[in-house]
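Residue numbers (my numbering), protein chains in the order written: chain U, 517 to 996; chain V, 517 to 996.
These are computed hints drawn from the structure, not numbers from a lab. Be a bit skeptical, because a hint or two may be false.
No copy is singled out in the list; a pair is fine if it fits within one copy or between any two copies.
What the hints assert, rightly or not - Taking lysine-lysine pairs in the BS3-like style, the calculated list, with each CA pair at most 25 Å apart, reads: (1) K763 to K544; (2) K642 to K536; (3) K870 to K904; (4) K841 to K579; (5) K576 to K804; (6) K987 to K870; (7) K904 to K599; (8) K580 to K804; (9) K599 to K642; (10) K819 to K536; (11) K554 to K642; (12) K818 to K554; (13) K665 to K804; (14) K904 to K554; (15) K576 to K921; (16) K957 to K554; (17) K964 to K938; (18) K847 to K804; (19) K841 to K580; (20) K887 to K804; (21) K543 to K987; (22) K554 to K722.
Protein chains: 2
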Amino acid sequence: MAQQKKMVEAITSRDVDFAKWYTDIVKKAELADYSGVKGCMVIRPYGYAIWENMQQDMDKRFKKTGHENVYMPMFIPESLLQKEKDHVEGFAPECAWVTIGGSENLTERLCVRPTSETLFCEHYAKVINSYRDLPKLYNQWCSVVRWEKTTRPFLRTSEFLWQEGHTMHETEQEAREETLRMLQVYTDFYKETLAIPAVIGRKTEKEKFAGAEETYTIEPMMHNGVALQGGTSHYFGDGFARSFDIKFAGRDNTLQYPFQTSWGTSTRMIGAIIMVHGDDDGLVLPPKIAPIQVAVIPIAQKKEGVLEKANELRSRLIDKDIRVKLDDSDKAPGWKFSQYEMLGVPLRIEIGPKDIENGQCVLVRRDNREKAVVSLENIEAAVEQALKDVHDSMYNAALKNLQEKTFEARTHEEFLDIAANKPGFIKAMWCGDSACEDQLKDETGGVKSRCIPFVEDHLSDVCVCCGKPAKHMVYWGKQY
Amino acid sequence: MAQQKKMVEAITSRDVDFAKWYTDIVKKAELADYSGVKGCMVIRPYGYAIWENMQQDMDKRFKKTGHENVYMPMFIPESLLQKEKDHVEGFAPECAWVTIGGSENLTERLCVRPTSETLFCEHYAKVINSYRDLPKLYNQWCSVVRWEKTTRPFLRTSEFLWQEGHTMHETEQEAREETLRMLQVYTDFYKETLAIPAVIGRKTEKEKFAGAEETYTIEPMMHNGVALQGGTSHYFGDGFARSFDIKFAGRDNTLQYPFQTSWGTSTRMIGAIIMVHGDDDGLVLPPKIAPIQVAVIPIAQKKEGVLEKANELRSRLIDKDIRVKLDDSDKAPGWKFSQYEMLGVPLRIEIGPKDIENGQCVLVRRDNREKAVVSLENIEAAVEQALKDVHDSMYNAALKNLQEKTFEARTHEEFLDIAANKPGFIKAMWCGDSACEDQLKDETGGVKSRCIPFVEDHLSDVCVCCGKPAKHMVYWGKQY
């Protein structure tokens with residue numbers, strides 16, 4: 517057990533230094549590494565396998581809702597980026613610019629895409645001519661670049677991987693429905709696949725996406741009470757369509773502008789998984805996206821029949837499409853236990869001579885350490901059930917954390933008190949004025965409006981900041 | 517039939533103008549479109565779906581041979597690119613350079629990756645310490661940028677999508693085996709998935725990859741007698757390892773340099789599919805990667821029971837994981853026939869009232885237009901068999917083309933005559949001197965050495981160019 521202890525000691529405790537705990541996990545679980553380019557990361561095999569599992573799951577959801585994948589260029593000519601005023605103002609300050617191609621200075625510099633609205637619009641202007649061409653429901657998986665000053669693996673990096681959906685619709689109503697549909701797809705994905713609950717709603721004017729009419733967001737709560745913008749879905753109206761002169765002949769034969777949406781999620785979801793589910797022993801992965809779902813650890817593996825039985829077990833689970841790793845290396849079982857705990861593998865199976873004699877094995881859950889002796893006869897069903905149970909327990913634990921870290925403030929004083937002493941969401945009334953958002957942010961060292969939920973509680977009649985009549989109940993909080 | 521005819525007329529005939537025929541197909545089948553950035557393309561949904569099917573198939577082959585996916589940054593600092601002398605000389609002239617990040621001029625400019633050997637080496641230097649860390653078998657799916665002067669969709673673009681494998685091994689032998697293993701994986705993929713035969717072999721010194729000790733290549737033959745470098749696999753020895761100071765403690769506890777490989781294929785394979793299999797009516801897609809494998813076209817679809825039966829047929833095939841599209845739009849059947857021929861859909865099923873009455877349907881193959889009346893009772897098996905038959909026929913037709921377009925030249929005169937009059941591969945002896953390669957290229961307007969095959973014929977004792985003793989038999993040809 518000495519080795520096991522040593523390994524566990526290597527991670528900073530979550531409650532002692534959350535930021536260090538986070539980077540320790542990223543490093544020790546070999547999710548990502550730094551590269552020679554400031555703010556750019558190397559996503560290592562284990563981290564990338566998590567991303568691949570997320571991608572496959574989301575991609576199915578996108579295709580089921582009628583979307584098709586495409587690939588747009590990674591470069592945006594400066595003049596193209598400038599076509600939509602609000603958009604360029606939002607993104608130009610964080611663009612990386614290509615100014616030399618081959619050995620020639622370019623006559624027009626090219627931005628490495630920070631997001632691709634402008635590229636999609638340029639293409640849509642060519643291929644949308646009639647209402648028969650609508651809707652266009654495109655999505656793209658790619659990397660984007662935003663020149664960030666302060667970076668942290670997965671959470672904020674100068675380059676990151678993401679998906680960006682860009683759709684065009686005949687009517688405003690259809691586009692608004694799409695915006696909310698994709699917010700719901702994200703919410704379902706967070707719940708059903710990542711075991712992460714979240715608050716969802718609409719961003720305030722101040723916080724919405726550059727160029728959007730409305731931005732909707734999904735905001736999960738991290739273990740330390742800091743929120744994370746987990747995905748956004750934007751309704752653009754016909755603003756970009758007008759700037760890019762995208763027109764179609766409508767059913768009445770008049771030329772019309774289509775209505776647009778975009779929506780995106782990124783590798784920062786891996787950061788969310790770490791910070792929602794992880795503990796002092798490392799990662800805790802939701803079973804649906806765990807690269808290894810079950811680690812089979814043979815006990816006294818040199819004894820006759822142990823490895824044979826462990827291998828048989830492995831094969832039976834693989835036949836059920838369960839992702840299994842049998843570790844028959846010469847490391848001690850205790851070391852292996854720690855290692856697969858660190859990696860967040862949802863289930864561990866211990867199998868030794870006595871277990872085999874009794875036709876059983878020991879099933880250990882990563883999330884709550886529960887051990888169960890299980891008959892080998894129905895091991896497939898037991899593992900499948902346990903994976904479901906782990907998922908549900910993880911979701912419920914995360915929900916409990918979100919609920920316990922959600923507070924209500926009815927007065928300015930109460931708001932400042934909670935902001936100073938109780939990390940989490942603050943529900944509070946707001947007048948609708950961005951000056952109050954600025955003031956609250958300044959007074960609290962960074963508490964911002966997260967979103968206006970679809971169903972608002974009525975906590976009082978007046979804005980928690982200025983005391984004027986309240987328009988909305990807002991979720992507030994610090995964010996990554 | 518008027519509409520059908522009109523549609524077909526819209527494609528240039530393959531034998532009249534091959535280049536125009538090619539771009540017509542790219543456009544009419546909606547595979548790709550041009551973008552506002554010179555040499556960068558938009559890959560449209562149908563083209564991207566082909567790429568996704570290729571990716572999934574290859575990715576399984578990579579994982580089956582033990583490889584893991586990762587993601588490296590898209591930027592390479594100039595100093596990093598310069599670490600390996602031959603490599604930087606090969607790639608620097610076609611790099612796109614980022615010189616501004618946010619609003620600041622960068623102190624060191626960053627190259628948008630043209631290939632990622634240097635990034636992988638930088639990472640490997642950190643994570644390889646012991647022989648226990650080897651082999652490292654990494655692959656990456658990403659986009660790369662090479663600033664090309666003349667571009668053509670899929671074949672040569674300034675940005676393209678690809679996969680690049682980068683592996684590190686304990687011994688030279690292991691690395692050499694890996695290099696050839698991946699060439700074989702590519703060859704199998706071309707044959708089993710793309711229905712494309714090819715010549716494989718080793719590149720001459722002059723044609724190998726910048727920084728490699730050996731480059732192996734797979735060279736399929738296009739319908740017009742021009743070859744295409746379809747994928748390459750490189751053995752690097754320990755050259756990069758020395759430049760990047762990658763060392764590991766060996767089994768004997770001495771510090772050693774590991775041995776390296778890299779291998780890649782790209783979206784240009786879509787170009788190969790067009791040019792190997794396509795005909796005057798459009799694309800002809802290999803069934804394994806066709807986004808739609810079967811187009812179901814109802815005849816007299818307004819008659820009672822037709823659409824119902826067509827839908828039932830569709831469902832039955834989908835249950836067998838066959839990719840089916842039922843086109844019940846109000847277009848005429850003739851128009852639909854042309855449309856799905858243009859899109860290269862391998863099989864068409866026609867089903868009308870009389871067919872239904874007789875419990876049958878008509879199955880039409882895209883590749884050779886063969887029609888068969890098939891009982892509805894076993895339609896699943898019939899379609900599965902027909903898809904296999906289409907694949908095999910396509911492979912055999914492509915093989916026939918490759919064989920018919922392979923010539924032997926025993927003298928200089930014969931070489932020049934074939935080069936001038938018979939497009940295709942020329943098998944001819946070579947002394948090993950690159951001066952002869954230069955001369956033959958100049959004399960023929962671009963015929964270059966394609967590869968030295970693993971089994972060389974002995975056509976004569978002397979070099980076809982200089983008459984000195986021959987070292988190798990080489991495949992020569994023009995290339996895309």
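Consistency of the hints with the structure:
no.	hint	result
1	K763 to K544	between (53 Å within a copy, 22 Å between copies)
2	K642 to K536	between (50 Å within a copy, 21 Å between copies)
3	K870 to K904	neither (28 Å within a copy, 51 Å between copies)
4	K841 to K579	between (31 Å within a copy, 15 Å between copies)
5	K576 to K804	both (14 Å within a copy, 20 Å between copies)
6	K987 to K870	neither (67 Å within a copy, 66 Å between copies)
7	K904 to K599	neither (49 Å within a copy, 50 Å between copies)
8	K580 to K804	both (18 Å within a copy, 22 Å between copies)
9	K599 to K642	within (16 Å within a copy, 44 Å between copies)
10	K819 to K536	neither (42 Å within a copy, 70 Å between copies)
11	K554 to K642	between (38 Å within a copy, 17 Å between copies)
12	K818 to K554	neither (48 Å within a copy, 64 Å between copies)
13	K665 to K804	neither (34 Å within a copy, 46 Å between copies)
14	K904 to K554	neither (40 Å within a copy, 51 Å between copies)
15	K576 to K921	neither (33 Å within a copy, 43 Å between copies)
16	K957 to K554	neither (29 Å within a copy, 45 Å between copies)
17	K964 to K938	within (15 Å within a copy, 72 Å between copies)
18	K847 to K804	neither (28 Å within a copy, 43 Å between copies)
19	K841 to K580	between (31 Å within a copy, 15 Å between copies)
20	K887 to K804	within (21 Å within a copy, 46 Å between copies)
21	K543 to K987	neither (45 Å within a copy, 52 Å between copies)
22	K554 to K722	neither (29 Å within a copy, 37 Å between copies)
In summary, the structure is inconsistent with hints 3, 6, 7, 10, 12, 13, 14, 15, 16, 18, 21 and 22 from the numbered list given earlier, while agreeing with the others.
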